[in-house]
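Engineer: Protein sequence lines correspond, in order, to chains A and B. So the first sequence is numbered by my numbering: it starts at 10 and just counts up by one. So the second sequence is numbered by my numbering: it starts at 251 and just counts up by one.
Keep in mind that a hint or two might mislead.
Stated by the list, open to error - Examples of chain A residues toward chain B, derived with CB under 7 Å:
# : residue
1 : R49
2 : Q91
3 : R95
4 : L106
5 : G110
6 : A120
7 : S130
8 : M160
9 : I203
Hint data in this document are derived by calculation from the structure and do not stem from the laboratory. This structure is a prediction, so every number in the text was calculated from the model and none was measured. In this text, a Cβ means the ideal position worked out from N, Cα and C, and glycines have one as well.
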Amino acid sequence: MNARGSTGTENALELRGVSKRFGALAALSDIELTVRPGERRAVLGSNGAGKTTLFNCITGDFPPSEGSIRFFGEDITAFPAQERIRRGLRRTYQISLLFSGLTVIDNVYLACLGVSRGRFSFLRARRDDALVASAEELTRMVNLWDARDTMVSDLSYGQQRQLEIAMALSGAPRFILFDEPAAGLSPTERRELITILNGLPDHMGYIIIEHDMDVALRVSEYVSMMHNGRIFKEGKPAEIEDDPEVQALYLGGDAA
Amino acid sequence: MPEITRAAAPQDSRLWVERIPPAYWIIGVILLIIPSFASDFVMFQIFGWTFILGMIATSLMFLGGYGGMVSLAQMTFAGVAGYMVAIFGDSAITNISMGWPWYITIPLALLIAVIFATCIGWLAVRTEGIYTIMITLAIAAAFFYFTRQNYDIFNGFQGFNSVLPPRLFGVNWRGPEAFYYLTLFWAAATYFAVLYISRAPFGLALQGVRDNPRRMAALGFNVTAHRVAAYAFSAIPAGLGGILLTWQSAQISPGTVGIQPAIDILIIAVVGGMRHPAGAFIGAFLYVILKTFAVDVLIALGLSGDRFQLLIGLGFLLVVFFSEDGLLGLWHKLRASRARDPLTGERRS
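Kindly produce the complete structure, drawing on both the sequences and the hints.
Structural biologist: Here it is in structure tokens:
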């Protein structure tokens, strides 16, 4: 099995029998998930279905209790978070985990720095530094250029969500996990988000957790439905939309 | 597109000398001309000591303010460097001191202090908050008792005396004026180095680790390695301070690295303010003034001179009571309130 760069035949992400228990609570049970490189996948499900736990296991925020996770063919189950990130995995957080004491541009710069050499550099970056340039480009891409010198603690909620996305796009991501990027956004901001997601390069696959079916189905090619820590249905957006079981769950029928 | 926005970015066209704030000019000039009117005692004892304690407190401010790690082992790092200069260099204890030249002993002393701090950091970063304080306090205590009981290397209770700076360029560096400029130089170097690094990748990432370690790992940073590296770096200003302290008193003994000095460094850093290296030097100046003159003040008031610690304690209490960020915090509060209109509370331009 090759260690790093993919040959194109491996899956971007392969979860086999992944479970996560917190004491007696099974947050995830026996998850099987395969995502091809460049695929855009939505994960839907009610609150407490285990969606964010799934992300936390994939990025290594905490390890799964059982099962294995492969990222472009490489077994990353036992890797610390930073090693997974350096291999091209990125994520955004549902509750903003930003550096509130730093400015917008410094936050993006840190994100770019984390996946580059020179993390321990004692020398300041020059104005024409490549990292500074890419941080500036990302800031512009998510429409935060005018707020670049604002402290993150002074940003609006919607701006913080945009900053999350800029930070997830830093470096050369191969696969991104978006945790409810549209939560709390205004209708205009939602449209901008959809434009950004659909404008990502084709090779950049992602999984998106989203409550808003409208957003989720417009930015994904394939949907996995979760309930009580299990994936119970997968299919194309249109199939999922028409599925009676899904409708029952989302319309609050016999759910739970 | 990039060309336009890059031009729109705030470009400071002034020369670098013009960009230095006026306060720096004033303080810089005052500090440089102090020897022309100050007494030997003021230069050597007040300012020399202030600069030295300020450097050691800056090493704590770096760890605490930027890294969120409060360490009580900074005086120990300083002591390690001071002891190494005495052991490898010259002292009156000729059966232990090796008498190596300064250009070997000083870098070697700093290197050993850095290695020591790296090991301590490696232990301490696994803990958080109060437990970091406890583990570093335990290390400070262990080092104190070790030096007091070990006679083969550390010469036990007596320590080393007659540890003098080298007569470089034919200057007696323990002369009041020379020592003043020597400590001023290294204090300024420490101050500007820490300020510079706070905006360099390492320093920015360290502040990220302080604010949100989990997120830093999710950005690809090795949080543990970054914290350990911060400890290692902090040993450089602390070690330099320790060497200068040893030269100032011409001796080093277990008393230099005891629990009380370790706590004094914490008090200096907290009273001064942990957000900016200036706080460490302000705190050190206040501490030295109190420590030197509190006895006289108490006797003048008809009280016992033994109670000078009481004044220091009261001063400490007052500062932390009114500001969560020491004297610097008080200053920032004052500036912020003066920048606001007292009626509307709006910011004045």
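Engineer: If you test the structure against every hint from before, which numbers come out violated?
Structural biologist: 1, 8, 9
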